[in-house]
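Heads up: the protein sequence lines correspond to chains A and B, in order.
Its first residue numbered 0, the first sequence is counted upward by one per residue in numbering that gives the first Met the number 0.
Its first residue numbered 0, the second sequence is counted upward by one per residue in numbering that gives the first Met the number 0.
Be aware that one or more of the hints could be misleading.
Okay, the calculated bits of chain A under chain B, using three or more residues with CB under 8 Å as the criterion [as the list claims (entries may be wrong)]:
| hint | segment |
| --- | --- |
| 1 | 83-97 |
| 2 | 111-124 |
| 3 | 145-156 |
| 4 | 292-299 |
To be clear, the hints were calculated from the coordinates, so they are not data collected in a lab.
Yeah, the Cβ is synthetic: ideal placement off N, Cα and C, and Gly gets one too.
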Amino acid sequence: MSLTIDRKDELESPGAPPATAAPRPRPVRRRPGPRRPLPATMALYVLIAATFALFAVPLYWLFSSALKPEHEIYTYPLTWVPSSLEWSNFADAWTSAPFGAFLRNSIITTVVGTALEIGVALLSAYAFAFVYFRGKMIVFAVMVGSLMLPGHITLLVNYITISNLGWLNTYQGLILPGIGSAFAMFLIYQQMRQVPEELVDAARMDGTSHMRRMHAVVIPICRPMILTATLIVLITKWNDFVWPLIVTSTSDMRTLPIGLMFLRSQEGYDAWGPVMAGTVIVAAPMLIVFFLAQRRIIGGITAGALKG
Amino acid sequence: MTTLLQPVRRPPRSRTAPPPRRSSPQLRRRRLAEGALFWALILPNLTAIVVFGYYPTLYNFVLSFTDWDFVQPAPVVVGLDNYIELFQSGSMLMDALRNTAIFVLVAVIGTLFGGMAIGALLAQRLRFSGLVRTLAFAPHMLPGAAIGVLWLFMFDPNYGLSRWLFSMFGMESPSWTTTSDFSLWSITIAYAWQRLGFVAIIYYTAILDLPKDIYEAASLDGARGLPLFRYITLPLLSPVTFFLTVTGIIAAAQTFDIIATLTMGGPGTSSTTLPWMIYDQAFVDFNIGTSAATATVMFVLLLIVTGVQTKYASKQVHYS
Numbered sequence: 000m001s002l003t004i005d006r007k008d009e010l011e012s013p014g015a016p017p018a019t020a021a022p023r024p025r026p027v028r029r030r031p032g033p034r035r036p037l038p039a040t041m042a043l044y045v046l047i048a049a050t051f052a053l054f055a056v057p058l059y060w061l062f063s064s065a066l067k068p069e070h071e072i073y074t075y076p077l078t079w080v081p082s083s084l085e086w087s088n089f090a091d092a093w094t095s096a097p098f099g100a101f102l103r104n105s106i107i108t109t110v111v112g113t114a115l116e117i118g119v120a121l122l123s124a125y126a127f128a129f130v131y132f133r134g135k136m137i138v139f140a141v142m143v144g145s146l147m148l149p150g151h152i153t154l155l156v157n158y159i160t161i162s163n164l165g166w167l168n169t170y171q172g173l174i175l176p177g178i179g180s181a182f183a184m185f186l187i188y189q190q191m192r193q194v195p196e197e198l199v200d201a202a203r204m205d206g207t208s209h210m211r212r213m214h215a216v217v218i219p220i221c222r223p224m225i226l227t228a229t230l231i232v233l234i235t236k237w238n239d240f241v242w243p244l245i246v247t248s249t250s251d252m253r254t255l256p257i258g259l260m261f262l263r264s265q266e267g268y269d270a271w272g273p274v275m276a277g278t279v280i281v282a283a284p285m286l287i288v289f290f291l292a293q294r295r296i297i298g299g300i301t302a303g304a305l306k307g
Numbered sequence: 000m001t002t003l004l005q006p007v008r009r010p011p012r013s014r015t016a017p018p019p020r021r022s023s024p025q026l027r028r029r030r031l032a033e034g035a036l037f038w039a040l041i042l043p044n045l046t047a048i049v050v051f052g053y054y055p056t057l058y059n060f061v062l063s064f065t066d067w068d069f070v071q072p073a074p075v076v077v078g079l080d081n082y083i084e085l086f087q088s089g090s091m092l093m094d095a096l097r098n099t100a101i102f103v104l105v106a107v108i109g110t111l112f113g114g115m116a117i118g119a120l121l122a123q124r125l126r127f128s129g130l131v132r133t134l135a136f137a138p139h140m141l142p143g144a145a146i147g148v149l150w151l152f153m154f155d156p157n158y159g160l161s162r163w164l165f166s167m168f169g170m171e172s173p174s175w176t177t178t179s180d181f182s183l184w185s186i187t188i189a190y191a192w193q194r195l196g197f198v199a200i201i202y203y204t205a206i207l208d209l210p211k212d213i214y215e216a217a218s219l220d221g222a223r224g225l226p227l228f229r230y231i232t233l234p235l236l237s238p239v240t241f242f243l244t245v246t247g248i249i250a251a252a253q254t255f256d257i258i259a260t261l262t263m264g265g266p267g268t269s270s271t272t273l274p275w276m277i278y279d280q281a282f283v284d285f286n287i288g289t290s291a292a293t294a295t296v297m298f299v300l301l302l303i304v305t306g307v308q309t310k311y312a313s314k315q316v317h318y319s
């Protein structure tokens, strides 16, 4: 259908507008130019402002409350702008819960877990894309099929497995169940299939080994997608909640999101300042990663959603 | 995030040319070496997926026919008892199913409508819309635990934004997270807020990708405004809407961290959804069999959703 319209367009659009068109051909409404009437523009800006507020106000509330002195949190009418910046909320959060340990555990599990997951994803994506094996698409289907397994159905048995291995409350118990990778493997595999065959063939003719080809040809070409996959995996691991919750049992092994939950139940309704400061500590690293690499992250996620 | 992929519909074409047919010992050895290399590269990932993905799913199914509390030396086989108990009227599962259904439906439908509106608005390319886009997507990147705790404070009826918002209409803020009439709505609102920007950006991208020529043809025919949206844009977006519906159901049905930080499934079972019940039964009440059976029920329900997706996804051919 779109093809025929294409043709028609090509026939009609060059030269003057066709005589049969409406007397004053208007620009396409979807990409309005300066022709949009003023009231409509104003209405659109009101809507944009409302959308902005919908997302900005809660985030502003988070950061401003983390810096408010206690008496400005517990007053009504609400204080929107803190009269002074109260950094001691962060110190309070840091001392009332072992946030130093939480932060260390979060960094270790996220960095090591991401490195391992991307590592196994790279190896298996390369195998699927470039190594000859007759039944490999069956193996591929098995691995991608694991995306259909919801996290909550594996929870109980993984806990039993890790417990039998004696890994409860350890880093290997936190990290290893999460390194199997179907999503990142799939993203990287799709990119690897775009690598020009001539390049890989040329490297093969030069007598290089698979390992050398992967390292010198394939990975450099696929670097953008590998980076995108790494960022998405990194964020997922940092935000991970239910597995660290059940597999850790002492506060020195908890990760930040779990620590935050315990801070909330300890301080709860009595000390919103420190609790919001703790929330900032948990959220800020991902906000920074997101703002630094938002094009890549949004691009990767929307491409995954729209092209699949 | 893992719910973003649509199932692979056709097996990807093989890019590795098979070695020549004529088999000499040398070639056979090389083919064997390729096979060995293939398995060596696959094995770390495959092992992790089988050991921590497929095996637990199967063994969970076995556990659902047993009774165990982690303390007894071994699970006791009780047949269908767990399921019979679960499906009695008034059971916790019935509450959890109802709560999950409400939570998922409201969150998915709400974010679809809101996200489409915001996506269409952002696609107008106004000034500041880039900033709004970034800001709207940010909550999707944040830990659910942080979202939950932030909303816990905003829902606070005495010192939270909720009191301010309700007082503008001369009303008093409900105790969102501590009364059973509102607890389910509190987790639904917080979750929808987190997901809304993601849906909006997907719609925004899809709207910018729409084929321009159709709009040119439609505007030549005098179509504009609401009818243009109703008869051209909406049908063209239907594959995206379908995709967002299915993945939205799957994602929402597994929400856990927001519930854990906002309401912990309570008060009572008023905000207990399937994932919370699975956790609660296994790791708070130590009813391993009940938890395993609940997980199996959830798995079957999600499989049905995925099945619907694979069945109908290929029929959505408005543009390709």
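Results for each hint:
Check on the segment 83-97 of chain A: 0 of its residues sit with their Cβ under 8 Å from a Cβ of chain B, so the three-residue criterion for coverage is violated. Beta-carbon proximity to chain B at under 8 Å applies to 5 residues in the segment 111-124 of chain A; the threshold of 3 is reached and the given coverage holds. Requiring three or more residues with a Cβ within less than 8 Å of a Cβ of chain B, the coverage given for the segment 145-156 of chain A holds, as 12 such residues are present. Coverage of the segment 292-299 of chain A by chain B holds. Counting CB-CB distances below 8 Å, 3 residues qualify, and the rule asks for three or more.
In the structure shown, a violation is registered for the earlier hint numbered 1 alone.
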